[in-house]
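Since each chain comes alone in its own frame, lean on the hints to assemble the complex.
Residue numbers (my numbering), protein chains in the order written: chain Y, 1 to 265; chain D, 266 to 561.
No lab work stands behind these hints: they were computed from the structure.
The structure displayed is predicted, hence computed values, not measured ones.
There's no promise every hint is true.
[Unchecked claim] Per the computed footprint, the stretches of chain Y lying under chain D, defined by three or more beta-carbons under 8 angstroms from a beta-carbon of chain D, are:
hint : stretch
1    : 92 to 102
2    : 189 to 202
[Claimed, not checked] Taking lysine to any residue and the SDA-like style, the derived pairs with C-alpha atoms no more than 25 angstroms apart in a straight line are:
hint : chain 1 : residue 1 : chain 2 : residue 2
3    : D       : K486      : D       : F382
4    : D       : K467      : Y       : F151
5    : D       : K341      : Y       : F151
6    : Y       : K95       : D       : V474
7    : D       : K550      : Y       : K15
8    : D       : K467      : Y       : E152
9    : D       : K486      : D       : A544
10   : Y       : K95       : D       : R453
11   : Y       : K67       : D       : S464
12   : D       : K550      : D       : A463
13   : Y       : K95       : D       : L478
14   : Y       : K95       : D       : A463
15   : D       : K550      : Y       : F127
16   : D       : K550      : Y       : E152
17   : Y       : K95       : D       : P475
18   : Y       : K67       : D       : R459
19   : Y       : K95       : D       : L551
20   : D       : K367      : Y       : P210
21   : Y       : K95       : Y       : K67
22   : Y       : K15       : D       : R453
23   : D       : K467      : Y       : G105
24   : Y       : K110      : D       : W470
25   : D       : K467      : Y       : H70
26   : Y       : K15       : D       : D451
27   : D       : K367      : D       : A411
28   : D       : K467      : Y       : K15
29   : Y       : K95       : D       : H559
30   : Y       : K95       : D       : V487
31   : Y       : K67       : D       : E456
32   : Y       : K110      : Y       : H131
33   : Y       : K67       : D       : A463
34   : Y       : K95       : D       : A450
35   : Y       : K95       : D       : A454
36   : Y       : K95       : D       : L303
37   : D       : K486      : D       : L303
38   : Y       : K67       : Y       : F151
39   : D       : K467      : Y       : D75
All residues carry an ideal CB built from backbone N, CA and C; glycine is no exception.
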Amino acid sequence: MSVVSISGMTKTFPKGNVTALQEIDLEVEPGEFVSLIGPSGCGKSTLLRVIGDLIQPTSGTVEVNGKGAHQARLDHDYGIVFQDSVLFDWRTVTKNVALPLEMLGWDRAKRKQRVDEMLRLVELQGFGDHHPWQLSGGMQMRVAIARALAFEPPLLLMDEPFGALDEMTRERLNIELLQIWRRMESTVVFVTHSISEAVFLSTRVVVMSPRPGRIAGIVDIDLAQPRSADTREDPRFFEHVTAVRELLRSVGADDHGSVLAEEIT
Amino acid sequence: MAHAGHAAALRGQVPTRAFSRERVTAAAMRIGVVTAALLAFWGLWELYRFVWVETGWTWPFPVNDTTLPHVHTIFKAFADPSRVQGPLLISVLLRAALFTGKEALVGFLMGASLGFFIAVSLVHSRLMQRAFLPYIVASQTIPMLAVAPMVVVWLQAGWLSVAVIAAYLTFFPVAINTLRGLQSADPRAHELLRTYAASRWKVLWHLRVPASLPYLFSALKVSATASVVGAIIGELPSSIEGGLGGAILNFNQYYSLVPANLWATNLIAAALGIAFFLAVVVAEKLIVRRAPEHTA
Chain Y
1 MSVVSISGMT KTFPKGNVTA LQEIDLEVEP GEFVSLIGPS GCGKSTLLRV
51 IGDLIQPTSG TVEVNGKGAH QARLDHDYGI VFQDSVLFDW RTVTKNVALP
101 LEMLGWDRAK RKQRVDEMLR LVELQGFGDH HPWQLSGGMQ MRVAIARALA
151 FEPPLLLMDE PFGALDEMTR ERLNIELLQI WRRMESTVVF VTHSISEAVF
201 LSTRVVVMSP RPGRIAGIVD IDLAQPRSAD TREDPRFFEH VTAVRELLRS
251 VGADDHGSVL AEEIT
Chain D
266 MAHAGHAAAL RGQVPTRAFS RERVTAAAMR IGVVTAALLA FWGLWELYRF
316 VWVETGWTWP FPVNDTTLPH VHTIFKAFAD PSRVQGPLLI SVLLRAALFT
366 GKEALVGFLM GASLGFFIAV SLVHSRLMQR AFLPYIVASQ TIPMLAVAPM
416 VVVWLQAGWL SVAVIAAYLT FFPVAINTLR GLQSADPRAH ELLRTYAASR
466 WKVLWHLRVP ASLPYLFSAL KVSATASVVG AIIGELPSSI EGGLGGAILN
516 FNQYYSLVPA NLWATNLIAA ALGIAFFLAV VVAEKLIVRR APEHTA
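Here chain D stands alone, though its shape is the one from the complex (with noise of 0.2 angstroms):
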């Protein structure tokens, strides 16, 4: 309910959170230390290349411009094109990050709903979560690799089939987490909302699920990169080539000819996963209002 009248009042007292200044200052110090991290991983990338090539040293691996490639050639080939008279390799890995992109979110919309049906329908019994979790559990047990076939057999290769392999890596983390932050509000609040005759679904609703957010997102970031190496891996087995598992498993032919263009989907893939955690970490604050030492 939304007191516009109050809200209005106060908002003299409280700083907006959007412009104060110590936000600004604190976002910039943020991007500062990312930049300068980048900075540094480049350094030592290009400091362990020379050191390596000009000693001759072979351990672990001899480097070389197959083994290892130049940073700024990895990002060169992003301007190069793909293959000869083809597209330039980015606007190829990015519509094949594109297509991912949409497995993967729709696995993980699946897994993360069907993760959070889970643990409420359990949530109310300790016998239906002696009976069912264990199943839950063995489920993952049971390797990716032997999953996807029967996935591709049952629904035909598509990337609807790859959102299916996704949301199976997605659901488990969140069914936990959401469980146990579905059982973890304070003793005295169900004591409080029995004083007001509240019905199961009430304290469901006001209690229990307020008080799960923060292992859901907890739950939900593990979830986000799972589903985006779900949704790559899914592609391999449904021989499907539009996405970024495509593309890995075609320019891995060719490493030994182009090594920086199976780098530079590499960095892509990594890209997309950055984006799906930052997405979740963002709709958490969003979301979650919660004492400081309730939130990550």
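Chain Y extracted, bound-state conformation (with noise of 0.2 angstroms):
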């Protein structure tokens, strides 16, 4: 069973009639890292918000583990991470770590157990009592993963969770983000505007076109498994950000430049 199901859905803002996405058809399987990446415009994060039932789809139909995505939010079938952590300030790491549990009514016991096992994951272990402001921004948001894993979703749902971050800072955590998922053997949808992040990070990427947004492609990306700062190194690795590249170009993202532009290092 498909861990996201989606077929012939449309979303149209009805403010201008801007139609955001155009008939898209996608299946995620389980353990699946999938990507979507494409210029700005292109509604890869309204796709995501689709899938998360924050937004509603106009026609169409959006299935998350088999069910309904607003019945799968109900169920608390995903977990989610923003741009930015979103992390409440007035709570400490461990309690903004055990708000998903204390909304699912897990008792005290339970919540400290699985908040310690969250931060060794991420490996924050000891800054448990600190406040949000007093980390860094990559340290942050270790913590907003954390947070959306601790419920152990089936799906984690990621929006340009690194786009705010220094590039070193990003590809540090694109390795943790890997072996997190790896262990947590969980299932990954990406938004994205790097190249090299989508391919570095996926087993898939769907490759995006903009107004309407639509599915251009997607490209498998069968890099070894378990990836590591070798596989950037790796000149198939560049033979998959080519092909990558090569896709939006046809469908004319460089006219936009922002997904190029940054890409050209």
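Okay, structure coming up:
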């Protein structure tokens, strides 16, 4: 059974009658790491929000874990990480990670045990009593990831989570995220505008085209697992980067520059 | 949830709040600054007196022992009998301050609770806000002097009616600021709670209320002093004599004979207001845990 199953999904915003997404079909299988990439305005964040039932599609069907997206949200079938960590600054790190567990009504002992596990997982043991503003941006993002995974949702949605971080922190967190993904055996849908990040992380990269947002093509990334810093120097890594870039260029992404400009390095 | 073991493990790394050397130094500095400011104010007062008395200037008013008593005369008045054969002024005033303080405290608590309740009941509905906010604002345009007699008629003259009058001044800033604070949370934080399918009450308790606390405490600081003023003014139409309002009215009548008594009463009233304010500041320090940019 697919973790995410989207068919014939269209989303129009009534304001200005904008078609954000048109006729989207996408299946995400358990254990996959799927990235959505495309120029700004291609609707990749909108697609993520539709999967999370934070906005409703105009037509078509969206299923998560074999049920409607709305029911999946009510059943806590996914965790989400936004571009900003969105930590509650009146809560300590421990209590931030425990937030979804409190919402789910876990008892105190169970919460504490799970939070300790999660902080070990993101290597923040010893920071549990700190407040978010006492942490660096990268550490805050790790707290957000720990919070999203604390209740072991079958699906993790990530909306440009590392977009605001510097390159070095981002690359380190990419490797950590892959380790977490393997250990938790979770399924990830990841929005990014960085080609190298998408190729490095993903088992499949979904390239989207703008106005209206459509899936232009899907690139399978069959680089060996587990991936490491060496993966980025593998010639096959560059082949995949080139393949994704070609696809982006064919949909006119270089007109917008935003995707390609930062990828020239 | 307190993770006792975890907290204990960390205590070695984080300097404990109470005993760090910087905090003690900062506290000493603050006391020094306040003392210096008080001495400077005393000096200016006496200098002004001296210059105006020596030169005989009459603008804006002639200065003499009645219009502007010596500071030491005012402080000495505390130790004098309040009337012939009567108790010392300081004990009369402290008793009055306790009396007024009780009215103000009860009024403050009633007003703050009412203001908070109004904010919480209005936050979920724009329609309710549009319907009720104009009346809440209008309530504050009615002068206290017009409201107080009605409250006295309804509740009988007594400390409770005074507390209600104090509450009338208190609830408004709390309602308006808390309403704003309850709406101040990051929209993505609301989105996050939606992904947890959190109920409206959970959103209120876990997000809106914590986000509103800096706003609430700004309002409470305003309300704390307003409740003292409200209690003092509220005592006047009720003809309550045991409080500071009664004392002010009383010493007002004898001003030309013993001006220092009224000045002394004002000092005590000011001290009561400051005590209320400081109590809110201390409560804020204990309760609000926000990033530095969110705290005053």
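When you check the alpha-carbon spacing of D:K467 and Y:H70, does it fall within 25 angstroms? Roughly 19 angstroms between the alpha carbons, so the hint for D:K467 and Y:H70 holds.
Could you grab the alpha-carbon distance between Y:K95 and D:L303 and see if it respects the 25 angstroms cut-off? violated, 45 angstroms
25 angstroms limit on alpha-carbon distance, applied to hinted pair Y:K95 and D:L551: This hinted pair holds, its Cα atoms lying about 18 angstroms apart.
Mind checking the alpha carbons of Y:K67 and D:E456 for me, to see if they're no more than 25 angstroms apart? Status holds; Cα separation ~21 angstroms.
D:K341 paired with Y:F151 [C-alpha distance capped at 25 angstroms]: violated, 69 angstroms
CA of Y:K95 to CA of D:A454, is that 25 angstroms or under? holds, 15 angstroms
For the pair supplied as a hint, D:K550 and D:A463, is the alpha-carbon distance within the 25 angstroms limit? violated, 29 angstroms
Closer than 8 angstroms, Cβ to Cβ, for at least three residues: run that test on the stretch 189 to 202 of chain Y against chain D and report holds or violated. violated (count 0)
Taking only the CA atoms, is the gap from Y:K15 to D:D451 under or equal to 25 angstroms? holds, 23 angstroms
Would you check the hint for Y:K67 and D:A463, treating anything up to 25 angstroms between C-alpha atoms as holding? holds, 19 angstroms
Holds or violated: D:K467 and Y:K15, Cα atoms, limit 25 angstroms. Violated. D:K467 to Y:K15 sits at ~31 angstroms, over the 25 angstroms cutoff.
Restraint check for D:K486 with D:A544, where alpha carbons must lie at most 25 angstroms apart: holds, 9 angstroms
Consistency with the previously given hints fails for numbers 2, 5, 7, 12, 16, 20, 21, 28, 30, 36, ordered from lowest to highest.
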